[in-house]
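**Student:** Sequence:
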Amino acid sequence: MKLLRLIEFLRRHLKTVIRMCLAMLALLVLVDAIPFFVDKHHAHTKAEHIPGFWAAFGFAGCVLIILFSKAFGHAGIVNREDYYDE
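Just so it is clear: in the sequence shown, position 39 is 46 by the working numbering, and no numbers are missing.
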């Protein structure tokens, strides 16, 4: 029941939750962009010197995984509604 109360609380305060998530995302981007916090001296490639490169790379990877899985699912896993009636 505690989980249900937590979900209801978060739904009631949805705008605050969204603002907090965006603030945390902005803070993470800021920390990554400031060279004092993240040492890029030992980067292996030129792309690693770009602020937020690994964050963007991870986000793009997640998007590609989602798109691939949706395409794969619609290609063969998802069946018609009347598939089992035949």
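None of these hints come from the bench; they were simulated from the model.
A portion of the hints provided could be inaccurate.
Cβ pair distances, simulated, as ranges [said to hold, decoys possible]:
{"#": "1", "residue 1": "E55", "residue 2": "E88", "range": "43 to 51 Å"}
{"#": "2", "residue 1": "M31", "residue 2": "A67", "range": "16 to 24 Å"}
{"#": "3", "residue 1": "V38", "residue 2": "V70", "range": "35 to 43 Å"}
{"#": "4", "residue 1": "K53", "residue 2": "F75", "range": "38 to 46 Å"}
{"#": "5", "residue 1": "M8", "residue 2": "T52", "range": "32 to 40 Å"}
{"#": "6", "residue 1": "V70", "residue 2": "L37", "range": "49 to 57 Å"}
{"#": "7", "residue 1": "E15", "residue 2": "K53", "range": "34 to 42 Å"}
All values reported here derive from a predicted model rather than from experimental measurement.
The beta-carbon is built from N, C-alpha and C at its ideal position, and this holds for glycine as well.
**Student:** Decide, hint by hint, whether the structure agrees.
**Tutor:** Cross-check of the supplied hints:
no.	hint	result
1	E55 / E88: 43 to 51 Å	holds, 49 Å
2	M31 / A67: 16 to 24 Å	holds, 20 Å
3	V38 / V70: 35 to 43 Å	violated, 23 Å
4	K53 / F75: 38 to 46 Å	violated, 28 Å
5	M8 / T52: 32 to 40 Å	violated, 50 Å
6	V70 / L37: 49 to 57 Å	violated, 23 Å
7	E15 / K53: 34 to 42 Å	violated, 49 Å
Taken one by one, the earlier hints fail for this structure at numbers 3, 4, 5, 6, 7, listed in ascending order.
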